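Undergrad: One letter stands for each residue in the lines below.
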Amino acid sequence: MGNEQLETEFGTGDRLISQLERELVRGKANWIADFNESFRDYRVNDITYDVFMRGNTRVKGFLLSRLFSFFLNPNYEVGCYMHSRGGAKKLNKRDARKIIVTTKDSMAANNMKWSWLFLFADDVEEDAKEYLKTVTDRALAVVAVGTETRTIVSSGNFLGRQARKFIKM
Amino acid sequence: MERVVQRVSYTALLKSCMIVFAPQLIITILAPLQFVTQYRFLILGANIILSGALGWKLYKHSYHMVFFYDDEKFTIREGKAEERSFRWEDFEKVSLARSDYGEFMVRLYDEDDRSVNIPVSKLKLDPFKFRFEVIRLVESRPH
Chain A
1 MGNEQLETEF
11 GTGDRLISQL
21 ERELVRGKAN
31 WIADFNESFR
41 DYRVNDITYD
51 VFMRGNTRVK
61 GFLLSRLFSF
71 FLNPNYEVGC
81 YMHSRGGAKK
91 LNKRDARKII
101 VTTKDSMAAN
111 NMKWSWLFLF
121 ADDVEEDAKE
131 YLKTVTDRAL
141 AVVAVGTETR
151 TIVSSGNFLG
161 RQARKFIKM
Chain B
1001 MERVVQRVSY
1011 TALLKSCMIV
1021 FAPQLIITIL
1031 APLQFVTQYR
1041 FLILGANIIL
1051 SGALGWKLYK
1061 HSYHMVFFYD
1071 DEKFTIREGK
1081 AEERSFRWED
1091 FEKVSLARSD
1101 YGEFMVRLYD
1111 EDDRSVNIPV
1121 SKLKLDPFKF
1131 RFEVIRLVES
1141 RPH
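Chains as they are written, first to last, in my numbering: chain A, 1 to 169; chain B, 1001 to 1143.
Source of the hints: derived by calculation from the structure; they are not laboratory data. Among the hints, erroneous ones may be present.
[As the list claims (entries may be wrong)] DMTMM-like, lysine to aspartate or glutamate: derived pairs with alpha carbons at most 20 Å apart:
1. Lys1129(B) x Asp14(A)
2. Lys1093(B) x Asp46(A)
3. Lys1093(B) x Glu125(A)
4. Lys1129(B) x Asp127(A)
5. Lys1124(B) x Glu37(A)
6. Lys1122(B) x Glu37(A)
[Claimed, not checked] Interface residues of chain A toward chain B, partial, derived using beta-carbon atoms under 8 Å:
7. Glu37
8. Ser38
9. Ile152
10. Phe166
[As the list claims (entries may be wrong)] A short list of chain B residues far from chain A (calculated; beta carbon distances all over 10 Å):
11. Met1001
12. Val1008
13. Ala1012
14. Leu1058
Note that the coordinates shown come from a computational prediction; the quantities given were computed from them, not determined experimentally. Glycine included, each C-beta is placed from N, C-alpha and C at the ideal position.
This is chain B alone, in the form it adopts within the complex (with noise of 0.2 Å):
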């Protein structure tokens, strides 16, 4: 049975909301003193709405993760990029690793310690439990 772990992820929602807000926010401070002054709760409004709609469009198109697992392999998307599809079997050890930003990720290496992470803290998964389903999936698939 297929699972699908998806989260909106927060941080990343108001990173884009910002990223729409700031170029709004430049051009507001050099248009003329007077018009802006007139028209200031109206251009405040619009500007949190216009960064609100584009936000979550930037948000879904680069940044919301979507984990697809099952008995047999996982799924990782980002955004709108291509998935990037993997099987259990082609692993031999995993670790829960930190970034240096806090971020856990449960890594798994191969036989020639090539590796990849699934990023259980942009998923909001628990690392600790997640690792441990991770190793009983790895360790039921034949090597």
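In isolation and in its complexed conformation, chain A is listed as follows (with noise of 0.2 Å):
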């Protein structure tokens, strides 16, 4: 469960998760969401995502900004998973998968338009990238980073190019 340990640098994962949730709630992406909500140890079914944020796509700003925003921009609520736990030092094809359904359903129950999903592990092993770059869903972007490889991999769409610019290593 969350406590001060994620705070400081436990570990490459945990730091990398902690600087995104901090950019993130902060509205570093406010070009494309507000996230504005953040759980630690979010859990859907047997699954314990590190970071759960959700936010919107209307984007806050001064008095001009908002009422752009309100009259143009459309309201949808999108979510941020960010997992790292279960303890395997490389992620597998079959654990991505089942994430990523796991996912699919929490995005369903909170009625999200789009999601990002950021997957942390110390490598990323050949059949897990070759299966995220099948990953065309518009709606889930996925990236997966490995920590000591420094690798990163994102899903075949314009959400997980875009949401992998976010990992800084």
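Each chain sits in its own coordinate frame; assemble them with the hints.
TA: Here it is in structure tokens:
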């Protein structure tokens, strides 16, 4: 469960997760979505996400920006899931698929239009890399990060290519 | 051991002083020009002193935030409004939320998904660290 260890540099994955959470909740992705709430150790079925963030696509700003956004931007619910648990040092295709299916279930339950899913492990296996590149679902962007090998693999859709820009190692 | 958190919110204090200053400014503008010109520095000084004094009173009465907490419960009081007290064990989930104006709060949810906000930005607490402390306090209580 969340504790102060996660705030210190317990590991590269935890550091990346904390850094990503801070950036997103502070509005770093405002150009695409406003993630304004973050949960730690969010459980869905038998998967526990390190971080689950939710937000919407109606960007906030000063008066004119708000008016513009209110009349022109759709107000979709969106999410961001971050997973590094399970103890596996390597992310394989089977685990990736299971997490993706669970994420889609959670998205449906929360009426989310689209979501980002970040998967962190020491390394990403080849079968997982190939599998992720075939994920073209427009509603879910998946980014897998190998923290020891400094590998970043994203799903083959627009959201995936945008999401990987937030990973800085 | 009960901990107390209270910090002066300079934004709210400035707002309170402006609320007091604005009517004085309007009166000064509407007053005869000859009178105002003759005593302009005296009027300005009096306005500033009065705005500071009454603004501070207004701030303490309406905006000053005080937060008490220990291992069992927490209490929030804003100005002279009634205190709201809760027990950590009544909540199940904790989140870190940000308002439309960029202020952070730690939000606690009970089993019926009703929520209570702790305004960490107004209390000038580190939102990320305090969120973890609240998670620890909620989890340490029996549910």
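Undergrad: Would the pair lysine 1129(B) and aspartate 127(A) pass a check requiring their Cα atoms to be no farther apart than 20 Å?
TA: 38 Å, violated
Undergrad: Hold the hint about isoleucine 152(A) up to the distance rule: shortest CB distance to chain B must be less than 8 Å.
TA: Violated, because the Cβ-Cβ distance from isoleucine 152(A) to chain B comes to roughly 24 Å (cut-off 8 Å).
Undergrad: Mind verifying the non-interface call on leucine 1058(B)? Its CB should be farther than 10 Å from each CB in chain A.
TA: Its Cβ never comes within 10 Å of chain A, the nearest being 26 Å, so this holds.
Undergrad: Is the Cα-Cα distance between lysine 1124(B) and glutamate 37(A) 20 Å or less?
TA: 19 Å, holds
Undergrad: Holds or violated: lysine 1093(B) with glutamate 125(A), Cα cutoff 20 Å?
TA: At roughly 34 Å apart (the allowed maximum being 20 Å), glutamate 125(A) and lysine 1093(B) break the hint.
Undergrad: Check whether the Cα positions of lysine 1122(B) and glutamate 37(A) lie no farther apart than 20 Å.
TA: Holds - the C-alpha atoms of glutamate 37(A) and lysine 1122(B) are around 17 Å apart, at most 20 Å.
Undergrad: So if I understand the rule, the pair passes when the alpha-carbon distance is 20 Å or less; does lysine 1093(B) with aspartate 46(A) pass?
TA: 17 Å, holds
Undergrad: Is the claim that valine 1008(B) lies outside the interface with chain A correct, judged by CB distances over 10 Å?
TA: 24 Å, holds
Undergrad: Does the structure keep lysine 1129(B) and aspartate 14(A) at a Cα separation of 20 Å or less?
TA: Holds - the C-alpha atoms of aspartate 14(A) and lysine 1129(B) are around 15 Å apart, at most 20 Å.
Undergrad: Hint validation: serine 38(A) versus chain B, beta carbon distance must be below 8 Å. Holds or violated?
TA: 5 Å, holds
Undergrad: Taking the closest Cβ pair, is phenylalanine 166(A) under 8 Å from chain B?
TA: 17 Å, violated
Undergrad: Find the nearest Cβ of chain A to the Cβ of methionine 1001(B) and say whether that gap is larger than 10 Å.
TA: At roughly 19 Å from the nearest Cβ of chain A, methionine 1001(B) sits farther out than 10 Å, so the non-interface label holds.
Consistency with the previously given hints fails for numbers 3, 4, 9, 10, ordered from lowest to highest.
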